[in-house]
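Based on the provided sequences and hints, a complete structural model is requested.
These protein sequence lines are chains A and B, in that order.
Position one of the first sequence corresponds to residue 1 (my numbering), numbered consecutively onward.
Position one of the second sequence corresponds to residue 1 (my numbering), numbered consecutively onward.
Treat the hints as calculated values from the structure; they're not laboratory data.
Only true hints are included.
Label-pair ranges, simulated between beta-carbon atoms:
| # | chain 1 | residue 1 | chain 2 | residue 2 | range |
| --- | --- | --- | --- | --- | --- |
| 1 | B | ILE24 | A | ASP89 | 51 to 61 Å |
| 2 | A | ALA145 | B | LEU29 | 45 to 55 Å |
| 3 | B | ARG52 | A | GLU150 | 14 to 24 Å |
| 4 | A | PRO83 | B | LEU37 | 38 to 48 Å |
| 5 | B | VAL42 | A | GLU7 | 17 to 27 Å |
In this text, all values refer to a predicted model and were calculated from it rather than measured experimentally.
C-beta: ideal position from N, C-alpha, C; glycine also.
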Amino acid sequence: MHIHAYEKLWLAASVLLILFLLGSVTYGAVGPGIAMVSDSEQAIDPGALDEDQRFSEPRVEQVGENEYAAYVVARQFRFQPDPIVVPEDSTVTFYVTSADVIHGFEIAGTNANTMVVPGEVSEITVETDDPAEYGLICNEYCGLAHHGMEGKVNVVSQSEFENRTNGGDGE
Amino acid sequence: MGRNETAHAPAEDVSGDTEEFDPIGTLTLIGIYFVILVLSWVYIYYIEFLGRDLIVVG
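Next comes the structure, spelled out in structure tokens:
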């Protein structure tokens, strides 16, 4: 079979393109460490969140040196705690669950975005940078007031975070 | 006549056209599409996606 030289050229180019796309995704996983939302968390009873150690009192707590865990409950039609206050330059893991129906958890304008399914705990880890205020929105239709379901994620300086925590209103 | 054409055409196909046919326009068009694809991907993945805050790492 004779294949024209030009055709060989664009066949080779399209193979290179595919390798480039796959290579980018591999680079993202290996270099910056991009990860998926995992399903490693145990299932919980969405009707008994008030008896759950982590979710009875939605909060942000320090779990290691410069590592924080944010336990967030999404329910019709708000997020708890609100605002979610986390310190700058730290690693924050959000554990998000729903008390009623399927919600979304999207920190607007960022890559932090997951579904929130009742009975499941969505776990995403992010690295915070400089202090910033992010909007937090529900992106799964969850009922009549879905459009008003929003919260805030505030990245604050380390000293401000400590002040809030020690002041007693660190949610 | 019909017999003549059928006998003639395959012989022409096999031997003649490969070197003369030079679709430079198609090559250029595919080249342009290729460049657009690569540039779009670089923008979407490396600048827009990786450049955003709060990258999910776990």
